[in-house]
Every structure is written in C-alpha cells, then in structure tokens.
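Q: Sequence:
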Amino acid sequence: MTTEERIRGAAIRVFSREGFHRARMREIAEEAGIAVGSIYNYFASKEELLVSLFEDEFEARLSFLKELQRRSAPIRETLQRLLEEHFSFVRVQPELAQLLLRERFNRGGKLSDRLIVLQRRMVERIGQIISRGIEDGWIRPCDPSIVAQGLYDLIQTMSACGIVYEKERAEEILKAAPEELASLIWQGLKAGAGDEAD
Numbered sequence: 524m525t526t527e528e529r530i531r532g533a534a535i536r537v538f539s540r541e542g543f544h545r546a547r548m549r550e551i552a553e554e555a556g557i558a559v560g561s562i563y564n565y566f567a568s569k570e571e572l573l574v575s576l577f578e579d580e581f582e583a584r585l586s587f588l589k590e591l592q593r594r595s596a597p598i599r600e601t602l603q604r605l606l607e608e609h610f611s612f613v614r615v616q617p618e619l620a621q622l623l624l625r626e627r628f629n630r631g632g633k634l635s636d637r638l639i640v641l642q643r644r645m646v647e648r649i650g651q652i653i654s655r656g657i658e659d660g661w662i663r664p665c666d667p668s669i670v671a672q673g674l675y676d677l678i679q680t681m682s683a684c685g686i687v688y689e690k691e692r693a694e695e696i697l698k699a700a701p702e703e704l705a706s707l708i709w710q711g712l713k714a715g716a717g718d719e720a721d
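Counting in our numbering, the sequence shown runs from 524 upward without gaps.
Don't read these hints as lab results, they were simulated from the structure. A portion of the hints provided could be inaccurate.
[Stated by the list, open to error] Pair ranges (Cβ atoms, derived): (1) Gly660 <-> Glu541: 46 to 56 Å; (2) Val687 <-> Arg549: 23 to 33 Å; (3) Phe587 <-> Gly542: 22 to 32 Å; (4) Gly660 <-> Met524: 43 to 53 Å.
Where is the CB? At the ideal position from N, CA and C, for every residue including glycine.
I would like the entire structure built from these sequences, with the hints used as guidance.
A: The following block contains the structure:
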C-alpha cells in the first residue's frame with residue numbers, strides 16, 4: 524500500500540469517527556502511521572483531502588453511470604444495476620458511505636460548494652437516464668430532474684440504515700435494497716403506471 528493510499532484510508536476512518544470539523548491532521552497521520560508533514564506532500568489541507576476522497580468516489584460512480592447509459596440496456600435493468608452498484612459500495616466501504624452521508628448537508632465555504640457540484644453532476648446523470656426512458660416510451664412523462672433528485676435522495680437516505688440499525692439488520696437491508704427499491708421506483712415511473720401492473 525502506498526503512502527497516499529494509507530493516508531486516504533486513515534482519513535476515511537478518522538473523518539467517519541470524528542466528523543470532518545473535529546478531525547485533525549495529526550490524528551490522520553497517527554492512524555496512517557506517518558509524520559503529519561507527510562500528508563502535506565499529497566494534500567494541501569484537510570479540505571483538499573476530504574474533497575479528493577469524495578471526488579474519487581463520485582468520479583467512479585459517474586463513470587459507472589456513463590457505462591450504463593452506453594449499454595442501452597432496458598431502463599428497469601439500468602435502475603437495478605444503479606442500485607446494486609450503490610448498495611454494494613455501502614456494504615464494502617461503510618465508513619466512506621457514512622462520511623459521504625454525514626458531510627452531504629454541511630453547508631458553507633469552498634468545501635460544501637465543491638461537494639454540491641459533485642452531487643449535482645450525479646443527479647444530472649441520473650436525469651439523463653430517466654429522460655432516455657421517457658423518450659423510449661418506458662417511463663411515463665415526468666420532470667426528469669425532479670425524479671432524479673428524488674431517486675438520489677432515496678438512495679442516500681437508505682444508506683443511513685448502517686447508522687440506524689444494528690450491523691446484522693443493516694446488512695440484510697442493504698442486500699435486499701436494490702431489488703426492493705428498483706421495484707418500488709419502477710412501479711411509480713413506468714409508462715402506464717396507473718394501469719394494472721404487468
């Protein structure tokens with residue numbers, strides 16, 4: 524593991540445990556087993572470190588969404604894959620998932636501005652998927668931007684089950700969530716949703 528990877532892993536653990544504002548670079552250095560000064564060889568500040576963690580994660584998700592769009596799979600399958608990818612991430616990296624959730628609503632300053640830009644890009648990409656579904660006749664007419672924001676918020680809120688429930692129950696929920704939520708979302712979005720279910 525490289526020094527930068529150790530710093531990133533330590534930062535996720537410390538930020539998750541302490542919260543961004545209470546966390547100190549000294550704690551991150553101790554967690555990583557390095558001198559505090561070494562962190563600054565990679566990251567100019569605590570804010571830059573956090574944003575870097577989030578940017579990497581958001582870029583990975585955006586790439587995944589772009590790949591989903593390129594495949595032109597049926598929209599129901601696309602929704603299911605989107606949910607599977609997200610909840611797999613939450614199960615594999617619970618500390619980073621909780622950190623993303625915790626910092627999502629912190630407002631003020633350059634840090635929150637940069638995080639908001641990342642979140643908006645995610646919502647826009649989901650909106651493009653919804654728009655394609657409308658154009659192809661699979662999704663009923665709706666405002667893609669509102670539906671995309673609602674879908675994003677639903678996914679993020681479900682991620683909080685790792686905080687709300689005991690580990691065993693949270694794991695059960697996260698395993699079942701992709702299929703359950705895909706079905707729930709699809710029943711509300713599909714063309715003819717007011718008609719008898721298929």
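Q: Confirm or reject each hint.
A: Tested hints:
Between Gly660 and Glu541 the Cβ separation comes to about 50 Å, which falls inside the hinted range of 46 to 56 Å. Range check, Val687 to Arg549: Cβ separation about 31 Å, and the 23 to 33 Å hint holds. Between Phe587 and Gly542 the CB atoms are about 28 Å apart, so this pair conforms to the stated range of 22 to 32 Å. Between Gly660 and Met524 the C-beta distance comes to about 49 Å, which sits within the given range of 43 to 53 Å.
Every hint, counting from the list given before, is met by this structure.
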